[in-house]
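Sequences listed follow chains A and B, in order.
The first sequence begins at 313 in our numbering and counts up by one.
The second sequence begins at 85 in our numbering and counts up by one.
Hints listed in this document are in silico derivations from the structure and should not be mistaken for laboratory results.
Incorrect hints may have been included.
So the derived label-pair ranges between C-beta atoms look like this [as the list claims (entries may be wrong)]:
#1 ARG524(A) to ALA115(B): 33 to 41 Å
#2 ASP607(A) to HIS525(B): 53 to 61 Å
#3 GLU284(B) to GLU615(A): 47 to 55 Å
#4 SER526(A) to HIS525(B): 53 to 61 Å
#5 SER526(A) to ASN267(B): 35 to 43 Å
#6 ASP607(A) to ARG505(B): 53 to 61 Å
#7 GLU357(A) to GLN515(B): 52 to 60 Å
#8 GLU343(A) to ASN506(B): 33 to 41 Å
Not the full set, but computed from the structure, chain A residues with beta-carbon under 8 Å of chain B [what the hints assert, rightly or not]:
#9 SER332
#10 PHE333
#11 PHE334
#12 HIS338
#13 HIS537
#14 LEU622
#15 ALA625
#16 ASP629
#17 TYR686
#18 TYR689
#19 ILE690
Ideal Cβ placement from N, Cα and C applies to all residues, glycine included.
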Amino acid sequence: MPSVCIYFQVHQPRRLKRYSFFNIGHDHFYEDKEKNRQILNKIAEKCYLPTNRILLDLLKEYGGTFRIAFSLTGVLLDQLEENRPDVLDSFKRLADTGCVEFLNETYYHSLAFLFSPREFREQIALHKKRIQDLFGQTPVTFRNTELIYNNDLAKAVEKMGYKTILTEGADKILGWRSPNFVYQPAGCTKIKLLLKNYRLSDDVAFRFSDARWSEHPLMADKFAHWIHNINAAGEVINLFMDYETFGEHQWQETGIFEFLKLFPREITRHPDFIFQTPSEVAKRYDPVAQLDIPDFISWADVERDLTAWLGNAMQKDAIRSLYGMEKIVRRFKNDKLLDTWRLLQTSDHFYYMCTKWFSDGDVHKYFNPFESPYDAYISYMNVLDDFSGYFKTVKKRPGV
Amino acid sequence: MRILMFGWEFPPHMSGGLGTACFGITKALAAMGHEITFVLPRIKGEKEHSHVELLSASDVPVPLSYVNAPAYLPAMDTKEDPFQYLFHKLRMRMVNSPLRPYLTESQYAELISGTKISPLSKPDSEGRGLLSIPGDYGPDLIAEVIRYGAVAGVIAGNERFDVIHAHDWMTIFAGIHARKVGNIPLVLHVHALEFDRSGEHINQDVYDIERRGMEAADHIIAVSHYTKRVIVERYGINPQKITAVHNAVYRNEARQAYHVSKKKSAKIVLFLGRITFQKGPDYFVEAAAKVLKALPDVKFVMAGAGDMMPRMIERVAELGLGRHFHFTGFLRGTDIEKIFTMSDLYVMPSVSEPFGISPLEAMMCDVPVIISRQSGVAEILQGAMKVDFWDVNEIANKIIAILKYPVLAAEIVARSREDLRNIHWENAASQIVKTYQRILHKPD
Numbered sequence: 313m314p315s316v317c318i319y320f321q322v323h324q325p326r327r328l329k330r331y332s333f334f335n336i337g338h339d340h341f342y343e344d345k346e347k348n349r350q351i352l353n354k355i356a357e358k359c360y361l362p363t364n365r366i367l368l369d370l371l372k373e374y375g376g377t378f379r380i381a382f383s384l385t386g387v388l389l390d391q392l393e394e395n396r397p398d399v400l401d402s403f404k405r406l407a408d409t410g411c412v413e414f415l416n417e418t419y420y421h422s423l424a425f426l427f428s429p430r431e432f433r434e435q436i437a438l439h440k441k442r443i444q445d446l447f448g449q450t451p452v453t454f455r456n457t458e459l460i461y462n463n464d465l466a467k468a469v470e471k472m473g474y475k476t477i478l479t480e481g482a483d484k485i486l487g488w489r490s491p492n493f494v495y496q497p498a499g500c501t502k503i504k505l506l507l508k509n510y511r512l513s514d515d516v517a518f519r520f521s522d523a524r525w526s527e528h529p530l531m532a533d534k535f536a537h538w539i540h541n542i543n544a545a546g547e548v549i550n551l552f553m554d555y556e557t558f559g560e561h562q563w564q565e566t567g568i569f570e571f572l573k574l575f576p577r578e579i580t581r582h583p584d585f586i587f588q589t590p591s592e593v594a595k596r597y598d599p600v601a602q603l604d605i606p607d608f609i610s611w612a613d614v615e616r617d618l619t620a621w622l623g624n625a626m627q628k629d630a631i632r633s634l635y636g637m638e639k640i641v642r643r644f645k646n647d648k649l650l651d652t653w654r655l656l657q658t659s660d661h662f663y664y665m666c667t668k669w670f671s672d673g674d675v676h677k678y679f680n681p682f683e684s685p686y687d688a689y690i691s692y693m694n695v696l697d698d699f700s701g702y703f704k705t706v707k708k709r710p711g712v
Numbered sequence: 085m086r087i088l089m090f091g092w093e094f095p096p097h098m099s100g101g102l103g104t105a106c107f108g109i110t111k112a113l114a115a116m117g118h119e120i121t122f123v124l125p126r127i128k129g130e131k132e133h134s135h136v137e138l139l140s141a142s143d144v145p146v147p148l149s150y151v152n153a154p155a156y157l158p159a160m161d162t163k164e165d166p167f168q169y170l171f172h173k174l175r176m177r178m179v180n181s182p183l184r185p186y187l188t189e190s191q192y193a194e195l196i197s198g199t200k201i202s203p204l205s206k207p208d209s210e211g212r213g214l215l216s217i218p219g220d221y222g223p224d225l226i227a228e229v230i231r232y233g234a235v236a237g238v239i240a241g242n243e244r245f246d247v248i249h250a251h252d253w254m255t256i257f258a259g260i261h262a263r264k265v266g267n268i269p270l271v272l273h274v275h276a277l278e279f280d281r282s283g284e285h286i287n288q289d290v291y292d293i294e295r296r297g298m299e300a301a302d303h304i305i306a307v308s309h310y311t312k313r314v315i316v317e318r319y320g321i322n323p324q325k326i327t328a329v330h331n332a333v334y335r336n337e338a339r340q341a342y343h344v345s346k347k348k349s350a351k352i353v354l355f356l357g358r359i360t361f362q363k364g365p366d367y368f369v370e371a372a373a374k375v376l377k378a379l380p381d382v383k384f385v386m387a388g389a390g391d392m393m394p395r396m397i398e399r400v401a402e403l404g405l406g407r408h409f410h411f412t413g414f415l416r417g418t419d420i421e422k423i424f425t426m427s428d429l430y431v432m433p434s435v436s437e438p439f440g441i442s443p444l445e446a447m448m449c450d451v452p453v454i455i456s457r458q459s460g461v462a463e464i465l466q467g468a469m470k471v472d473f474w475d476v477n478e479i480a481n482k483i484i485a486i487l488k489y490p491v492l493a494a495e496i497v498a499r500s501r502e503d504l505r506n507i508h509w510e511n512a513a514s515q516i517v518k519t520y521q522r523i524l525h526k527p528d
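So here's chain A without its partners, still in its complex pose (with noise of 0.2 Å):
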């Protein structure tokens, strides 16, 4: 009987503004929020609210059979809090029906595991704080910004506790295996881990829409029989995806909300197909393997390595300058500052950086709020300028 995992990403950066030479030493204001909030309504009113409300339908609907799992970044969380609180209460009705699983990832979609042990642990314990409070239950689960793993990060999350883990299903880490089973991460002895199956996640991702593809248009009917002809050779079918998926990045247009409306019952059609979250697979299934990942991957690009992020001397300075703060940061014990520092390690700053593009992804382009990989860099390296020359003052204040 196997399982179809439903996780779906939802994030929203804080993007910095366009921030001159000029503005060093006047303005210590980094973020867009009039950009920030006029993204967030957009993605509300085309894909978080419509979206939610088709889902509760369905979980009520099935009572119970049909399930699913949400990763909500921390500064995702903010900014509905702050300007979009109909939207939080819209995912806490989904959290009531009881089928909902929260993941547990770094609160700023940070890619601090790479450079900060510490501040690995402390985001990832902010963020599980935020999820019980808000949808009370207690995070099992936990997902990784873009979902970059490797052995190491497998084996720093089992000692914190967390019994199932996601990544990639890259080919490069697969070679002959499925996806579609449960696997252990190579030096670990309790902590389980999920593939995602990239293809048929992007089936509906990415090309649901694409009418060069020879497959479109894609009916729920025609994926549920796909997912149901892997039966005998699999276990757990994941699919892990964006959630702007609905709606957004595929527009109310293209029929992805009907589609997404009539899964639930053509996968369920199949007598053998169940629907359950991460942490229910990892209960229900033993690894079939062992699997060594030494050398980090992701879900970006066709590399499906950490080059969106840190690919290129500019990305890998912007991060270098950002983590060689931390310490000094620390040291003035000021949650502002510490925020600022934080805002700024969310990995879409640096992901704006990337100069890939220049040859493929025009997905870098569509979604980088600056013009060029330059100007992002620029902003960013002048709001270092400034913070590092702000923090100085702060400390001269009295009572901080």
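Given chain A, put chain B in place with the hints provided.
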């Protein structure tokens, strides 16, 4: 294919951007096996061996009767013919300064001294004479252009060609005339327009010549989509008649010889080009003033000459930047390469740049470039930094960033190398040949 080309510049005979482009195009076409006869206004000194047959219009005898009467255009004999009218109207008109796109300092001096050029040589026994076509954008330019057109008719009548390819407005009369005489199609290659040279204050005569030429040509090649858009919007030409073919740049293997160590205290930011309205030198100066407030050790070099140079020198003095500013005057050949290699950053803040080859030359010397978004070359460069020429704050911000963050400069250079890998005259030439073939096989 046998191509009859009309151009006003060809290295080493006067080499601005137009000459550089003509050289690149013909060299790539010749390598593909095409035969090119390239007609220049005048060839000074010995004719060198070249990949094209260079023909000096000043050395082709023309029946004088042909020249003196407007009837020297045999196929355009109707009174209503707009060209005839234009010719009549234009004949000996003096040209005012924005018309001379590549004016050098010496030419400027010549112009001021008021040298007059005699239009005709003495006739030979058959009543034929040589026309004076110095080809250096002198004050007699429009008259020269008309005389050059007359020679074109003689050349087109003497030999058989498959296609005529005319570069810019100076050769439009020649192109049209040769088209009539030889009864072969004309391709007009637009490297720059009157709007690029003069902004909104255009010379109406030149605009009219350009427009008539575009209407008469069988097809138009524009050096960029930017220029194509201007042709459609300002000249009312059907976009289907226009193909954008981007310029390229030749790799010069001798460059290593000029390598200059960049280990020096002061960073150098370079402006290189004619110091004219079109090139936006004033934006460069204003941005420099802002940069110097942040980074007081930077040097700014303004290389080139032009009518705005005195004003720029005054402005630099006014801002008190003299210590940081160097005006080199007009540079050529190896001096250009030398200045590129010495520079840490090249800025092209052009107000209107149909293409702009010099950023490519800077990139070949591994110099990071900031280019105006109002340029054709911006369409093919992804690695370059782009700015709006009027946004002085942003130009300054980007100059500061590139000088301050070496990682950024290195990244731009690396991406620029990638860009250069895809920029070849061979690509341009094969697009040009496709254009020829399309109009040759087009049923009338």
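Practice task
May I ask which of the numbered hints given earlier this structure violates, with the numbers listed in increasing order?
Solution key: Hints 4, 5, 6, 7, 12, 13 and 14 contradicted; others consistent.
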